[in-house]
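Guided by the hints, dock chain A onto chain E, whose structure is given.
Chains E and A, in that order, give the protein sequences.
Read in order, the letters of the first sequence correspond to residues 6 to 129 in my numbering.
Read in order, the letters of the second sequence correspond to residues 1045 to 1309 in my numbering.
A hint or two may mislead.
[What the hints assert, rightly or not] Reference listing, derived: stretches of chain E covered by chain A, where coverage requires no fewer than 3 residues with Cβ under 8 Å from a Cβ of chain A:
1) 13-25
2) 34-42
3) 77-85
4) 102-116
5) 121-127
Read the hints as simulated data drawn from the structure, not as lab findings.
The beta-carbon is built from N, C-alpha and C at its ideal position, and this holds for glycine as well.
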Amino acid sequence: MKLWIPAWQRRGLAQFHLTVNSYPEWLLLQPVPAMYNYGNEIWIGDRPRRGVPGHPTAPKYREYYTWLNHYPLRIVSFSWTRDVIVREKGYKYITLHSGYRGSGLETGYFLRVADGQIFMERIY
Amino acid sequence: MWSMGGGSRTVKVLQGVMLCWLLGWYIKCYFFLPYFLEVTFRVPVHHRLFPAFFENPLVSTICYLLPLISVPAILRPGRRRMIFTTALMAVCSFILMGHINTYNDATFVTSFWVALWMLFVAWRYDVAERETAEQACPIASWMMGVIFLAGAVGKLTPEYLSGEAFFRIFWPDNVTWPHSWLLATYSKSQLATISFYMSRMIIGMELFLAGIPFYGSRHKYWVAPVILVCFTITNTWAILSVLSCLIGMMLGCWFLSGRKATADA
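Isolated chain E (complex conformation):
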């Protein structure tokens, strides 16, 4: 169904970006295997890629760009990048873009650091 139905495609992409509203619904779909699914691009920098009022428009730091095989937001949590995000001022905004057969989802997160903890706050 994911092959042809856009609603299923969008749901699969939302599963990757953690943009669904219901945790039980998200958890129930977690056993569905999704290894190396979709094309997943990530940008991390000192500004969101899409304009958000109140945020700087010109980057001061070099933007980091990469692709990941699945669940692109894991770049924040699943490694020692946690330390980099806490320490470095330049890496507080993360933009994810995942594409599948013409459907695409772009999500922006602000990585708020407080008391040594990282709060992933969705901005769009």
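Only chain A this time, still in chain E's reference frame:
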């Protein structure tokens, strides 16, 4: 000797698959142990989707270490022990699939399905082997089929069909063999061509594995592990964390559905 309830072949299969499961679960311990014991406590992460339980670093650490208690059950098997430990493995996998520290790792997805399969076999500990094989092997085939169908469908998109996704994922960062050798030997454009063929080959192999429930011959139970080992060689050995339990389950079915077992049972 194979026909008695709780036959030694069923027990050996359970022991073997549990060992493969544990091998996959702990093969990345060089990353997971410092990650669970130190990083997740020192720098916790939060996302509004996750309930507090699934953000608690203590929960992910306990769930990662708890399957170690299956070792006594492997060494001294018994029906109740096997049922308890395989159920525990399934619960730990399920929690880690939904935990903020681990939700992205496919290790816990394949481990969850194989743990359910082991629980089924453990439940039938005292049942005749032929009967167990007749039910457990098709279930394992369907699990394999669905797992690799989902993997293949997610790649039937221009990013993978063109090879771009593999090109972008593998060449900038991956320094393990054979990628390091390829990176040193070929130009970027040649690597793009290699990525194109590699991508299509992997999709083709996944579609082949997705058809496992429909192949009649029991040779599929050793052919599938050979393909999975090829994945490991061409990808990265770390992917054994995902594939080891599936390799064990398939080899278990090869052993369980053996001619001697089915003839004597």
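Now for the hints, and whether the structure bears them out:
Proximity of the stretch 13-25 of chain E to chain A, defined as three or more residues with a beta carbon under 8 Å from a beta carbon of that chain, is established by the 3 residues found. Check result for the stretch 34-42 of chain E against chain A: holds, 8 residues qualifying (beta carbon to beta carbon below 8 Å, three or more required). Proximity of the stretch 77-85 of chain E to chain A, defined as three or more residues with a beta carbon under 8 Å from a beta carbon of that chain, is established by the 7 residues found. For the stretch 102-116 of chain E, the proposed coverage by chain A is satisfied: 3 residues have a C-beta within less than 8 Å of a C-beta in that chain, meeting the threshold of three.
Look at the stretch 121-127 of chain E against chain A: 7 of its residues bring a Cβ nearer than 8 Å to a Cβ of that chain, three or more, so the hint holds.
In terms of the numbered hints stated before, the structure departs from none.
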